[in-house]
Amino acid sequence: MENSRPKLRFVKTDNPPVWVRPLLPVLALVVTFILTSGLIIWAKANPFEAYYQLLISPLMTRVNAIEVLVSATPLLLTGAAVTFAFAAGYYNIGAEGQLFAGAIAAAGLGVAMKDIPAIITIPSIIIAGFAAGMAWAWVPAILKVKLQVDEVVTTLLLNSVMGFIVSALLNGPWRDPNSGWPQSPEIGASAIFFKLIPRSRLSFGFLIGLIAIAVLWFLLTRTSFGLKMRAVGLGKPAAHFAGINVGRTTLIAALVSGGIAGVAGVALVCGIQYHLISDLSAGYGYTGIIIATLGSLNAVGVFIASLFFGLVDAGAQTVSRVLGVPVYLGEITQAAMLLVALGMFLLQRYRVRRM
Amino acid sequence: MYIVEMLGITKTFGELVANDNVDFQLRKGEIHALLGENGAGKTTLMRILYGLYRQDTGIIKVDGKPVEIHSPKDAIANGIGMVTQHFALVPPMSVAENIVLGNTDGFVVNRAVIEEKVGAAAERFGIEINPKTLVRHLAVGQRQRVEILKALYRNAKVLILDEPTAVLVPQEVDALFETLNRLKADGLSVIFISHKLHEVTQITDRVTVLRDGKLIGTVDTSSMSQSKLAAMMVGRETFGVTRTDEQKQPQKATLRIQNLCAKNDQGMQSLTNITLDVHEGEILGIAGVGGNGQMELAETLCGVRACANGSIKLEGKELIGQTPAGFTQAGVGRIPEDRHEGMVGDLTVTENLALEHLNEFTRNGVLDHKAIRRQSELLIKQYQIKAKPNDPIRTLSGGNMQKVLLARVLSRNPKAVIVPQPTRGLDVGATDYVRQQLLEQKERGAAVLLISEDLDEILALSDRIAVIYEGEIVGILPAAEATPERLGLLMSGAVKEH
Numbered sequence: 001m002e003n004s005r006p007k008l009r010f011v012k013t014d015n016p017p018v019w020v021r022p023l024l025p026v027l028a029l030v031v032t033f034i035l036t037s038g039l040i041i042w043a044k045a046n047p048f049e050a051y052y053q054l055l056i057s058p059l060m061t062r063v064n065a066i067e068v069l070v071s072a073t074p075l076l077l078t079g080a081a082v083t084f085a086f087a088a089g090y091y092n093i094g095a096e097g098q099l100f101a102g103a104i105a106a107a108g109l110g111v112a113m114k115d116i117p118a119i120i121t122i123p124s125i126i127i128a129g130f131a132a133g134m135a136w137a138w139v140p141a142i143l144k145v146k147l148q149v150d151e152v153v154t155t156l157l158l159n160s161v162m163g164f165i166v167s168a169l170l171n172g173p174w175r176d177p178n179s180g181w182p183q184s185p186e187i188g189a190s191a192i193f194f195k196l197i198p199r200s201r202l203s204f205g206f207l208i209g210l211i212a213i214a215v216l217w218f219l220l221t222r223t224s225f226g227l228k229m230r231a232v233g234l235g236k237p238a239a240h241f242a243g244i245n246v247g248r249t250t251l252i253a254a255l256v257s258g259g260i261a262g263v264a265g266v267a268l269v270c271g272i273q274y275h276l277i278s279d280l281s282a283g284y285g286y287t288g289i290i291i292a293t294l295g296s297l298n299a300v301g302v303f304i305a306s307l308f309f310g311l312v313d314a315g316a317q318t319v320s321r322v323l324g325v326p327v328y329l330g331e332i333t334q335a336a337m338l339l340v341a342l343g344m345f346l347l348q349r350y351r352v353r354r355m
Numbered sequence: 001m002y003i004v005e006m007l008g009i010t011k012t013f014g015e016l017v018a019n020d021n022v023d024f025q026l027r028k029g030e031i032h033a034l035l036g037e038n039g040a041g042k043t044t045l046m047r048i049l050y051g052l053y054r055q056d057t058g059i060i061k062v063d064g065k066p067v068e069i070h071s072p073k074d075a076i077a078n079g080i081g082m083v084t085q086h087f088a089l090v091p092p093m094s095v096a097e098n099i100v101l102g103n104t105d106g107f108v109v110n111r112a113v114i115e116e117k118v119g120a121a122a123e124r125f126g127i128e129i130n131p132k133t134l135v136r137h138l139a140v141g142q143r144q145r146v147e148i149l150k151a152l153y154r155n156a157k158v159l160i161l162d163e164p165t166a167v168l169v170p171q172e173v174d175a176l177f178e179t180l181n182r183l184k185a186d187g188l189s190v191i192f193i194s195h196k197l198h199e200v201t202q203i204t205d206r207v208t209v210l211r212d213g214k215l216i217g218t219v220d221t222s223s224m225s226q227s228k229l230a231a232m233m234v235g236r237e238t239f240g241v242t243r244t245d246e247q248k249q250p251q252k253a254t255l256r257i258q259n260l261c262a263k264n265d266q267g268m269q270s271l272t273n274i275t276l277d278v279h280e281g282e283i284l285g286i287a288g289v290g291g292n293g294q295m296e297l298a299e300t301l302c303g304v305r306a307c308a309n310g311s312i313k314l315e316g317k318e319l320i321g322q323t324p325a326g327f328t329q330a331g332v333g334r335i336p337e338d339r340h341e342g343m344v345g346d347l348t349v350t351e352n353l354a355l356e357h358l359n360e361f362t363r364n365g366v367l368d369h370k371a372i373r374r375q376s377e378l379l380i381k382q383y384q385i386k387a388k389p390n391d392p393i394r395t396l397s398g399g400n401m402q403k404v405l406l407a408r409v410l411s412r413n414p415k416a417v418i419v420p421q422p423t424r425g426l427d428v429g430a431t432d433y434v435r436q437q438l439l440e441q442k443e444r445g446a447a448v449l450l451i452s453e454d455l456d457e458i459l460a461l462s463d464r465i466a467v468i469y470e471g472e473i474v475g476i477l478p479a480a481e482a483t484p485e486r487l488g489l490l491m492s493g494a495v496k497e498h
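Note that the protein sequences, when read in sequence, are chains W and C. Using our numbering, the first residue of the first sequence is number 1, and each one after it goes up by one. Using our numbering, the first residue of the second sequence is number 1, and each one after it goes up by one.
Hints are supplied without guarantee of correctness; some may be wrong.
Said to hold, decoys possible - The calculated lysine to aspartate or glutamate pairs, modelled on DMTMM-like cross-linking and capped at a C-alpha distance of 20 angstroms, are:
#, chain 1, residue 1, chain 2, residue 2
1, W, LYS236, C, ASP346
2, C, LYS184, C, GLU163
3, W, LYS146, C, GLU163
4, C, LYS317, C, GLU341
5, C, LYS313, C, ASP277
6, C, LYS415, C, GLU280
7, C, LYS496, C, GLU453
8, W, LYS236, C, GLU341
9, C, LYS184, C, GLU199
10, C, LYS415, C, ASP277
11, C, LYS196, C, GLU172
12, W, LYS236, C, GLU453
13, W, LYS236, C, GLU337
14, W, LYS236, C, ASP338
15, C, LYS317, C, ASP346
16, C, LYS157, C, ASP186
17, C, LYS132, C, ASP162
18, C, LYS184, C, GLU172
As the list claims (entries may be wrong) - Selected chain C positions facing chain W (in silico; Cβ < 8 angstroms):
#, residue
19, VAL109
20, CYS302
21, VAL304
22, ALA325
23, PRO336
24, VAL344
25, GLY345
26, ASP346
27, LEU347
28, THR348
29, GLU351
30, GLU356
31, GLY365
32, VAL366
33, VAL495
Since the hints were derived computationally from the structure, they do not count as laboratory data. Computed from a prediction, not measured in an experiment: that's the story for all the values here. Backbone N, C-alpha and C define an ideal beta-carbon position, used for all residues, glycine too.
Modelling step: build the complete structure from the supplied sequences, incorporating the hints.
Here it is, written out as structure tokens:
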């Protein structure tokens, strides 16, 4: 009888069992390893060794471990920025452009405030970077709130516009007069972030990243604004019905998101590069989207995901140096990991049942 | 000889047993009612027969031969057609095009040919419809006729009608019954899904009653009275809610609505000069066929739809121009029509309960989680919500969702309560509970505006009944004077009583 033969079916469940949670990242890693090892072999390297260099060796020495935190610094900020917007249902894809807006403010003020003490300069620059990111985020946000213009399109396109603005600045008025390179003049000593660990690249910027994560956690879970944001993000009609001002909430979330992304630009200029350059960001604004998604839009998740991506970033350098494979393999690994992890998130909502 | 037999049908959805070993046998040339309350498993059983679901166990026979029905296509091949509550018609296409859709012979569709064929079929089956008319120009009753013709055109010998009268005014119901009787005389077998007893006794030959997914029995309609059928259907003789029919002296008008006009989402005028007084300690029912402005009226009174003109006064205070929060503050208890859209499914019960009154739980912008939790535990107990405080709302049943909404609103003792379609989709127990709560609000002295498409509900609860038709109030009657017939005439727009 056909009816007596048991069939295996995917059944959707609302509450996946708790024990699958910790298993997911491990499983994601294994699947990613299998997917990418072919490419690594093709690049004439041993996949096991490559993964060792990618994920383990950066943690084996103090210098390398610090470098992981350096890589994680902008990611903590862009991850927090994107999470803030996404939690309110505003899909800010423009963190990359907002980061550069903040970086421009930092590079400009860093030179202009040369002769002013650091105690005044650094807070001013951070505030200016936040304001610049906010300003750049304002246009798409107001279009969204007033005219329902899709923010995914506008924020994404503004990234390119910002790219041209940076390029125009660096090839025009801000071209370094000493070297002639397309980079802004070096910022003054009073604008440079102090080091958290002497003779390393780990600066005050990392601390700002941690503060951003803490603030994100506090706002989302402990404040009424955070609850309003999540209500708007998860169910606009219901939030509207309950008396929440959806437009205002969306606007504030979008602006704060842009501001935090702007601070990421400040951290890069004042903490690492000391110039504005067009390669300032290795797509940190976009990686922030990945981090926010993998961190399931909560602060703890974003923190862990930022550190993990910092590790992969730092590891990718090591892999290419030690094994002589292209750095792009690191990026491929990141991208593959994202896709696999997203797939896992979807699949954990299902279980296999005998029908 | 049975034309369709369904034997030992069982179908489960997760934990829910929708059909539990059900037998159903349909004779040739009969109209057979499938009677039961919402959630009794009627629609599930018919969806299995039409191939939309697959039974877990059990067999289906057509003309005595076992058949496998995996899809509607198989069902149609076996001569089974179904008209669901939500019509599957393409509004910009003509009747003829809709009828041949998916059933065209060959690649090229010749409009003149199909119109002639459909016209001939309509004539043969005695269904009055012009094949050239665009479906979007048709009234609901006519669209239903198109759906029936579509099934017959595909040589259906068995026609399943899922609550066909739910969308019709009484006069259209009469026309439908005439059509069905004629088709029956031609040898068609009809399965008539319903929970309305007077229709079942009026039109059907036999009745199969389901309750909680189980077969209660199949009987000849002529041998049964409505009250006996009701007893089979609900398992008890009377309904839980009874109203006290004492006439109160005229009270003060708590909620005064004057000349209210509003547009629908398409920008069309959908409310015209609505003028209503809802008195202290009264339930005013708004009856009407769905889509006559009820949704817009509820949304305007809840402050979530801008009104073009008019005035809404609560105890003399003008509410027009207020935000939704302003309505709540003023003392309007607002219950959303669509409970899934009215609550944030991924937030918890506790969070949803607090959402409308966040200011009370906030000090310097920081939430007082303890107070929120205390309120939630209290309300869960008080309103018998079967959920834990931290359960996401989306995991709750419809009845428990509605209880959360009631708890959020009624625990504030609002002066006026706006309740659109409060029991839509709920089971008997939850329906009784919601109705009881509304009666308690009335006892307390609240002005309750009940908007419902369920006439029985309106008749059971209201002190006065207003009928809405095409966005206008076409009559207001005291409950004692309202008969279904009189309301039916008003609801169909045939008369106005002012």
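Enumerate the violated hints, using their earlier numbering and listing them in ascending order. Numbers 3, 4, 12, 15, 17, 19, 28 and 33, in rising order.
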